[in-house]
Structure formats: C-alpha cells, structure tokens
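Residue numbers (the working numbering), protein chains in the order written: chain A, 2 to 461; chain B, 410 to 1039.
Note that these hints are calculated values from the structure, not bench results.
All values reported here derive from a predicted model rather than from experimental measurement.
Treat the hints with care, since some could be wrong.
[Said to hold, decoys possible] Label-pair ranges, simulated between beta-carbon atoms: (1) B:603 x A:444: 24 to 30 Å; (2) B:603 x A:419: 48 to 54 Å; (3) B:1019 x A:194: 34 to 40 Å; (4) A:419 x B:938: 20 to 26 Å; (5) A:408 x B:897: 31 to 37 Å; (6) B:700 x A:444: 29 to 35 Å; (7) B:698 x A:317: 57 to 63 Å; (8) A:194 x B:655: 23 to 29 Å.
Positions of the beta carbon are idealized from the N, C-alpha and C atoms, including for glycine.
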Amino acid sequence: MKNDTIAAISTAVTNSGIGIIRVSGEQAISVVDRIYRSKDSKKKLSLQPSHTIHYGFIMDGEEVIDEVLVSLMRAPKSYTTEDVVEINCHGGIYSLRRVLDTVIRHGARPAEPGEFTKRAFLNGRIDLSQAEAVIDVINAKNEFALKSSLSQLKGSVHEKIVCQRGKLLEELAFIEAALDDPEHISLDGYEGKLEQETEQILREIQALIRSADNGHIIKEGIQTVILGKPNAGKSSVLNALLQEERAIVTEVAGTTRDVLEAAFSLDGILLNLVDTAGIRATEDLVEKIGVEKAKEKAEQADLVIYVVDSSTEPDENDREIMNFLTEKKAIILLNKSDLPPVTTVETIEKMTGKAFPVLAVSAKEQKGLDLLEKQIQEMFYDGEVSFNDEIYITNARQKEALIRAEDSLKKVLLSIENQMPEDFFSIDLMDAYASLGEIIGESVGEDLVNEIFAKFCMGK
Amino acid sequence: MNRVEEYVDVVVVGAGHAGCEAALACARLGMETLMFTVSVDSIALMPCNPNIGGSSKGHLVREVDALGGEMGKNIDRTFIQSKMLNISKGPAVHSLRAQADKSNYSRSMRRVLEQTDHLQIKQMEVTELIVDKQILTGVKTLSGAFYHCKAAILCTGTYLKARCIYGDVSMHTGPNGLQAADYLTDSLVKNGVKMYRFKTGTPARIAKKSIDFSKMEEQKGDETIVPFSFTTDPESIQKEQVSCWLTYTNEKTHEIIRENLDRSPLFSGVIEGTGPRYCPSIEDKVVRFSDKPKHQVFIEPEGIHTDEMYIDGMSSSLPEDVQVRMYRSVPGLENAQIVRNAYAIEYDCIDARQLKLSLEFKTISGLFSAGQFNGSSGYEEAAAQGLIAGINAARKIQKKEPFILDRSEAYIGVLIDDLVTKENLEPYRMMTSRAEYRLLLRQDNADIRLTKKGHEIGLIDDCRYQKLLRKEREIEQEVSRLEKTYIGAGKNIQDFLEAHGSIGLRSSATFAELIRRPELSYEILAEIDPGRPVLSKEVADQVNILIKYDGYLQRQLRQVEQFRKLEKKEIPDFVNYDDVPSLRIEARQKLKLYQPSSIGQASRIAGVSPADISVLLVYLEKERQRKKYE
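Bound conformation, chain A alone (with noise of 0.2 Å):
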C-alpha cells in the first residue's frame, strides 16, 4: 500500500531549542529537497546513500529558515519502514514550527496522533507484542488532538467556521437540489450570486489563514489558569504580571462576553492565561462560578496559580480546590505579604503537605513576582511543565485544513470563470465544506441531504 507523506515535529517542544522534525512516505526526500539547501547549494537529497547526515538550511523562498543537519533513512531501513527524513532544527520553537510549515506546504501533510508508530506497526517494523502499547500511543496522541483540536480553538475562530460553512452548505444544497429537480427549481443566472458569496467565503477564510499565521488560531503555551478568591488578589497578580512590560503576545476578547485571553512571554517560556470570568475582572471566580468550575479549569490546565490572601484564615473551598490540586501542576501565591500575616508559608505547606511550591508575593507592591517568575523557569526547565507539543501539530493542521478550504474555494471560482456547468461548482464547494468541517470536528454524514430537503420542497 502506497502512504502519502507525513509529518511532525518528533521531540518534545521545549526551549532547549533543539528539535527534530520527521517526514515519512513515498515523497519525504523529495519534499525536504524542495527546501532543503547545502552550503555550496549543489547537493541534492535525493542523491545521497541511505543513513548519512547533511548539514545545511531550510530555506522559505529565499529566506534562511533554521540552520540544519539532516537525516536521511531510506525505505525500508527506517522506523516506519517507509522513506523518512529528520530534520534537526536549532533555533528554537518559533523556527521548529515553521520548519514544520513549510514542509507541509511543500507537500508533507500534518500527521495523525500516533500515525509515524501506526505506520511503523502496519508496516511490520513493530512486533506484535509492542501491539497493545500501539493501540494506546494512538488513543492518548488522540485524545490530546481531540482536545486540542475542539477546546483549544478559540471560540470566535470556531463560530467563524461554523458560519461559512453554513453559507456552503446553502449554496451547495441550492445547486443539488436544482440538478436534482431540475423542472422545479432553475439555475439559470446563478453564478453571478455563488460568484460573490464564495469571493466572501474565500476573504473569511484567508483572513483565518493569516491569523493562524500569528498563532491566533489555538492558544499556544502552558495553559495557565490563575485561580483565587476575589478577595485574595488574584486581579492584582494577573494585572501585576502583565503591567510588569511582559510583552503582552496576544490580547483576543473572545465572542462570549467574558472570556479573555492573554499570552506572554516569560523569557522565552510562553504562558498563555485563560480564564473564563475574564482575567481583568474582578470578580471572585471561585465562589462566583463555584469550586466545580475552578476545578474544570484547573483540569484543562498545564499549570495552575492558586492565589491565597495571607491576612485571611483559609477557609473549605480553599482546602478542597488545594486538595484537588494536588492531581495538578500548580503553585500556591501567598498574596499581600505587605499586610501583617494571618496565615503563612508553613501553614499552607502544612495543610498541602508540601506538594506545591508556596511563595509570599505582594502584588500591591510588585513584591516577590520574580520568585513566581523564577519558579515557573525552573519547573519548566526541570521538565516539571512541558505544554505538550502535540498542539504545534494541531495547529499546522487546522492551518493545512484552511488552505485545502482556500483552495477548494479558488478551485470554484476558476470553475465560474471557465464556464462550467453548475455541477462542477458543487465538487469544490463540498470539498471546502468538508476541510472546514475537519477543524471544527465535524463530518459531513448527511448535512447536505438533510440542507435540501429542508430548504427545497423536492420532488413529486
């Protein structure tokens, strides 16, 4: 069986800045050839013996991406018994990622959770008793893209594509339902109308295109939830962080009224703050929304800061949501250690048995944030927190979904421009519907069917 070609970064994203990008199948060496260029630019990849390593440059166009050594491993003397090709970048996750991107545009596809070992597996590379671990390398890869795919697209990103989509589906629904009855509904002067509603479909969807470009498609980075009573400061940590010139990466209000995001960088580290009370109110989240809610965000977090107000006894709801957090990453902020101290660093390790890091800070006075800035570092670095790199791939395939849409889309306007008959406009519009439904995780079962018979009265 011939496989298309895949690929992914293969190594944990870290700041280390080393990475390894891997593609495999039929076309892998060919793909990185395209852009793929040595010192004295001569030497081609697909000239060279299996198993040997090259130096050189990813190159976009013109641009020098990352400096590079590359791997080469013919079929079948490779992990997935397939051609493979890794990439070995240096400059970090910034260039890691677009290394990525650009493999992909040049052919590769973004790979499927756990699709390098299902291949390994399918071709016989994996013996049968490393069978069952296959099985769950796939369901767990999955179940992060499933969650990353869904959760972490952003809520006016998901609303958008469910809105074209719609208007796709409308148009499709109108064509087949006039192909299909024809002597009751007429196509006659149509593509002038499906001319400019997809010339509109296609500007959204381009518009998303670039913004996945910025990153603004999923949240990227630890996903920290800043969690605290509304008396314990958490308003004046967050405001705190950010008013402390952290550079502010992204700042997206969202379509529902109060969700706010923020991401920044912690000298390199990106955090990306998500809370659903929005992170500049001040409202307290957990007896507002309630300590099930706190714990629903804590659990789809990478880190947690749990902040406690020093000049107040702890009461229930902070020994439950503490308890639970024990399950999580997370570190305790002692707020308003400027206030003369009611409960203390040793109390709460007391209370918490030491299962977290506890620091005394004062947001008023901006005191002791670089010891939460040190901790995170160091958690990070220890290899404590690691936001887990399956989400650069969700995103490289969110994009490469939006770019089949995009195409898809340009497909049916050279269609209208070349003067085909209306049945050849559907096949594109259906393709486009069906990459977009891929982001949002949807199917196209039986929309259209269902469309037309709902819009159209059919038939005899």
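Got chain A; can you put chain B on it based on the hints?
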C-alpha cells in the same frame, strides 16, 4: 401426500420491478426459478408515477442495463415520451426520463418473463419462511404448499401488511386495491428480523376528457430520442410522442388544504409510518413551505390506451370531498372527474442494516431481499437491487464470491452501501448528490463501467461484449490522437477560432487543448480536423467528455484511489469487537450492530471515528500476525 411439495433453486417473492430483475437474473444464470405474485396481472406494475428514470434514477436504469438487466429494454419498448434532463448542465448530471405506457410496460415485461427458460410464475401468497439453523431452506404458501429452495429473494414492495388511507377511509389492501400480504411479517419477526413501517402516497388519476388543457403549458418530449438501453438502436425508437402538461396550485388550493388539515390522517396521527421528505404530499408542501404561493402540477398520461391522467405533484391522503375541491381549484382542472382517489399507503419493510452488501441477510443464509422491502423507494432503485440480489442468490448457489459494486463504480454501489450502512428512517431515494464520484459515474459511460462485469457474471453475451471492447478501443485511439495532434496558428485556424468566439493561437496547440476551451468542443472542431476518423455519436461524446473534463476526472480518480485503499481492507467475520481494546463504547456498539465488511464501510458508520478506525486497523494487523505464527 396431501399437499404440494416441490424443489427449485430460487424462490422470488413478488413480481414488481425488483422481483422481475431478480427472477430474470437467476433464471438467465441457469437457476430453476419460481416467482410468486399475488396477481399475475400486476407483474411490473407501476402503481404510482407513470415514468421511468429522472435525475440519478436514469443512471440506475442505465447501470441495470449495462449489467444485463431488463428495465432499460422494457421502457425502450413501451415509452410514449422521452426527455434528457439537465442537458444544459455537465454530462455527469444528464439524466434520461421516459413516460411509460403503464399497461404496455407491464404486459411487455410479463412476456419477457414468460419466455425466459428456467422461470415459472405462480399466483400465490407466500406466508412463511422455512429456516433451519439460520439457513433458509424453503417457503410455505397460503395454500399450505411447500417449496424447497436454496435461496429466496424477498421483493414484497409495499404489500406487507399494507393499508391504504385517505380521510377516514382505511383499506387493508396493497396498491391499487390489490390484495395485501398479511402473514410474512410475522414469519420474519419470528426469525429475528427487525421491521420498520414506512409510508408513501400517490395522487389522484383524472379523466383526460374532463381536463381543460388550454389553461396549461404543454411539455413536449425531446426531438431526438436517446434510448435507455445500450442495445437499443436509437433509429428504431424515434417516434410520435405524447405531451405532458404543466399547471399550478394557487392560494385557493392552499386555503382548502389548510382548512381541512385536521381531517388529514397524516396530521391526526392515524398514519404511523414514516414518509419520504423528497416526495411530500401536497398538504405537506403547503404546511412546510407556507411561503410559496404556488406549486407546480404536472399532468401526465398513464398510457395511450387509457384516458387516465396522473396528477404529478399533488399526492394526498385528504378526505375524498376535500380532494375533489382541491383538484378542482387548479386551473384546467375545474371540471375534473376523479377516476381514482389519491391515497397514502403504509407498509412493513426492514431495517436494511441487517443485510450484507450482497443483499443477503447477515443472520439468515440464503435469504436475500430487494426493493421497497429494504426501505428504498422508486421503481429504478427497486430494479437495481433486484438485479444485484438475483445475481448474488445465483452466485451463492454456484458457490461463487458475491458480486458487489462499490461507491466508486456505480450508483448501484452507492445505493446499496447507503441502504445497508446508514440508518434510513424514511424511504430512500437515489440522488446525484449522494454519489461522491459522480463525474465518473455518468449515465453515458455505464456500459464502459459495467458491461465487462456483466459479461463475467454471465448476463452479457459475447457479441455485446465484443462491441463494447471495440467502442473502448475507438475512444482510446481517438483521445490519444487528439492529445498528440498539433495544429499551427495559420490564418484559417485563427479565422475559425474567431468565428467561434475563441481567442487566437499564439503558437501551435493540440486539438485536445482546444477542446478544453469552454466555447469549443470535439464536434465544433470537425471543420479544422481533416484527419478525423468516422466515429459513432456515442464514441464522439465519450471522446469530448474525456478530453474536456480531463482535469476534473483525474482529480476524482485520485480520490477514488484513496477510497479504494480502505475499501480493500476487509474485516474478517471472526472479529469480536469486544476483544478489540480501546474502542470507544459507541463505536464498539455500532460496529457490533453493523458488522461492516471492510474498513471503508466501517469508516462510513456514524459514530465510528478516525481514531476508532486506527485502533481497528492495528488490531486486525495484530490478529493477522498472530494467525500467521500459529
């Protein structure tokens, strides 16, 4: 011995469009075939619309014909008007539709059946299936006779526990007042078959002499008639055609309907069955599309020897008095004399997910089914299934692999895959939008797609097969010639192009490149192509389509290649889904219920995710390796 006891190879229950194709296929493949019908006079009856074909249904008829079925030939013998629909659109959606002379259609099919060797017709109701250890061994009739058989094909149409209804009138009959079949359902249920109850309907028939056609628009047939069957010589069927007529409902019609909705059995709940959305009754249309001020009504002749006209677009189950007023509110029908009332009909059918792709029951070996019994609607859908069920019943007896068409090969493949893989909660109708690869599944190339297969099966004779090979060769050679032949940018060429609204050539180009221009075609270029061989219209059409739409066709072919990869991965019968680790619960339940035959089919089941498919693939590979070691 006090009762009849006989032995045959195949029993076919029902003589409608599915039953006829099933019985003919079996008999022509050498099986001793016995066909039961509740009335010999109702063989190949068209109890609803008086036409064959139409959008996507015309494709089915072509495919049935290409495989050696009878429907196409029979309508070519008996049509009274013919029309190619969607002619202004792409070749993939051109669709042939012919008005039939209903009684001639029925009579002609009956003659074919009667003249076929190995085929017996019997007027009798089958009441019971004889099943021994999940294997069908025979059937029992109302008269108490036993017919032992190796396979049976159920094509009971709308007859099982049928009930015809309008207003408060409810009759326990099949269509057209024919006797219903009341016993077979019980026997099926006893054998573990899950039944559904569906509903459909038909409009009134009105006497022609009572209609004022001057208030209607005439709808004529095509000037040049294209036959359905690839074996029919087009010259032989160019004939005088009858017209249909178009009129419209109006606000008054809708008012009459709205005022009487409470008397409709559909709205009052008397009718339990699920009706089709694509073929709504007029009261349904008025309710669901209340913003439409009028609906089209086509008046179509039921034949040339009858005065009855079919009122297409106004099926109904409203009470008789409402029907009279409703029809008479339509321009041209003011004095309408209703010959037969409109009615809704309810009937038992099955959840077709109990069938394999061969149309054999998964749990009863040797029992096949086809047509409306499987939850489809339409004469053409029925015929297509009947043919496949007939072929597969014969092959089962001959111990051959089942014959299965996939979604990339034929509309028939789409139809059957949809029926047995998806949950259908209403009568299923074929639509072109259901065919993913419709550019490849055109009605014009059904012979090229399928006639070779028909020959292998044994339903296509050598002569027809050789003809097909010749046609294929001619197409191939001509396409290749046009791709390779360059014409220069000489003055005569530039003038020719200008005259056809096409921009001039800067350098030489191939004929193929010119054919791809929207304003040009193979036919138009004849003038500047002196080296062109003499070819039939059918071959010329293929050449034009293959060149003109080449880019799109290649794309679909690539998609098909992807699709086939999964389709080819068979799921063996031994899979116990409870043993497959990590399947999600929903997927596990669905897979157990459907027992898909391939990974491709499994992936089309709602509720089975791509991750489940991955898990299943890995499991199957593991099992394969384990078996290899053992």
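When the structure is checked against the list of hints, which entries are broken? Sort them ascending. The structure conflicts with no hint, since it agrees with every one listed earlier.
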